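Visitor: Sequence:
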Amino acid sequence: MATMKDIIQSPLLLAMVIGGLLYISAFSLVYLKKAYDHCLELGITHKELSNVIKSSLIFSVVPSLSIVVGLFVLIAVLGSVWAWWRLSVIGSLSYETMISSSIAQVLGYASSAEMLESATGRQFGVVMILMSVGMLSGFLILLPLGKKLCKSVDRSAAENGGSTWKNVLSGVFMLVMFSVYIPILLFTDNVQAAVMITGLVIAIGVGVLAKRPGLAWLNNFVMAFSMLGGLISSLAWVRIFG
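In my numbering, the protein residues as written are 4 to 245.
In case anyone wonders, no lab produced these hints; they're calculated from the structure. Careful, some of the hints might be misleading.
Said to hold, decoys possible - Pairs of lysine-lysine, DSS-like flavour, derived with a Cα cap of 27 Å:
(1) 37 with 57
(2) 57 with 36
(3) 150 with 57
(4) 50 with 37
(5) 50 with 214
(6) 214 with 37
(7) 50 with 36
(8) 150 with 36
To be verified - FRET-style restraints, in silico, Cβ to Cβ:
(9) 108 with 243: 22 to 32 Å
(10) 187 with 146: 24 to 34 Å
(11) 120 with 35: 37 to 47 Å
(12) 144 with 28: 22 to 32 Å
Quick caveat, the model's predicted, so the values are computed rather than measured. C-beta atoms are modelled at their ideal positions from N, C-alpha and C, and glycine is treated no differently.
Sequences are here, hints too, so could you generate the full structure?
Guide: As structure tokens, this is what we get:
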């Protein structure tokens, strides 16, 4: 019987992931071309569009650093190919690690790393299905209701003189999501709690430094620094709490 390692290292999975990424890239390029042509119709010059594209490319490099760091973390849990697919398309490091840890516990493994070493191919199939199909509920809801919801929110804001309640709602939603993840990190494992607190301290420190004159560029690296600091500190925390 095929094991989890056999599947994550298989040429078939690699080919499917590459095919999926090529499809998504082509899809993005098609809509980039449509947007570019529409901008020209609106009277925007080729030079202006070129400057916008260049600046967008430059500023997208910095945020991607945190994704690269997350990729290295997730490789130890899900292997390089599946981790590459998840973080390249729609995945979130916190979501992937939480789901893999939960599944590992349900299947009787002490950790995600142990699951990677010992799980069967069928068990890895469960992981793939939960990570892929489990995230589709939001999209399935938005397909019939998304446009109507957006219009109702915009209409409500217009009727209330530019009310910003939708921004508050978005912020509250993110806080609710964090309130789900944080207790899991704080109360299930001492190492995870220590790493999270370390990353938080680093993020606050970088944020404070970014407020000083000439250091505003540090705002682009808050997540990358906190993740790297958390990763490095985990080596010490594992020895302490072992």
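Visitor: Look at each hint and say if it fits the structure.
Guide: Against the structure, the hints:
1. Straight-line distance between C-alpha atoms of residue 37 and residue 57 comes to about 18 Å, which keeps the hinted pair within the 27 Å bound.
2. Distance restraint check for residue 57 and residue 36: the Cα-Cα separation of roughly 15 Å lies within the 27 Å cut-off, and the hinted pair is therefore satisfied.
3. For a cut-off of 27 Å, the pair hint linking residue 150 to residue 57 is broken: about 31 Å separates their Cα positions.
4. Between residue 50 and residue 37, the direct Cα distance comes to roughly 17 Å. Compliance with the 27 Å bound is thereby established for this hinted pair.
5. As the CA atoms of residue 50 and residue 214 are separated by approximately 33 Å, the hinted pair breaks the 27 Å bound.
6. Only pairs whose Cα atoms come within 27 Å are accepted, and residue 214 paired with residue 37 is rejected, the gap being roughly 39 Å.
7. For the suggested pair residue 50 and residue 36, the alpha carbons sit about 15 Å apart, so the restraint of at most 27 Å is met.
8. Proposed proximity of residue 150 and residue 36 is supported: the alpha carbons are some 24 Å apart, at most 27 Å.
9. Range check, residue 108 to residue 243: about 23 Å between beta-carbon atoms, so the 22 to 32 Å window is met.
10. Taking the beta carbon of each, residue 187 and residue 146 are about 30 Å apart, inside 24 to 34 Å as hinted.
11. Between residue 120 and residue 35 the C-beta distance comes to about 42 Å, which sits within the given range of 37 to 47 Å.
12. A hinted range of 22 to 32 Å holds for the C-beta pair residue 144 and residue 28, which are about 27 Å apart.
Checked against the numbered hints above, the structure violates hints 3, 5 and 6; every other hint is satisfied.
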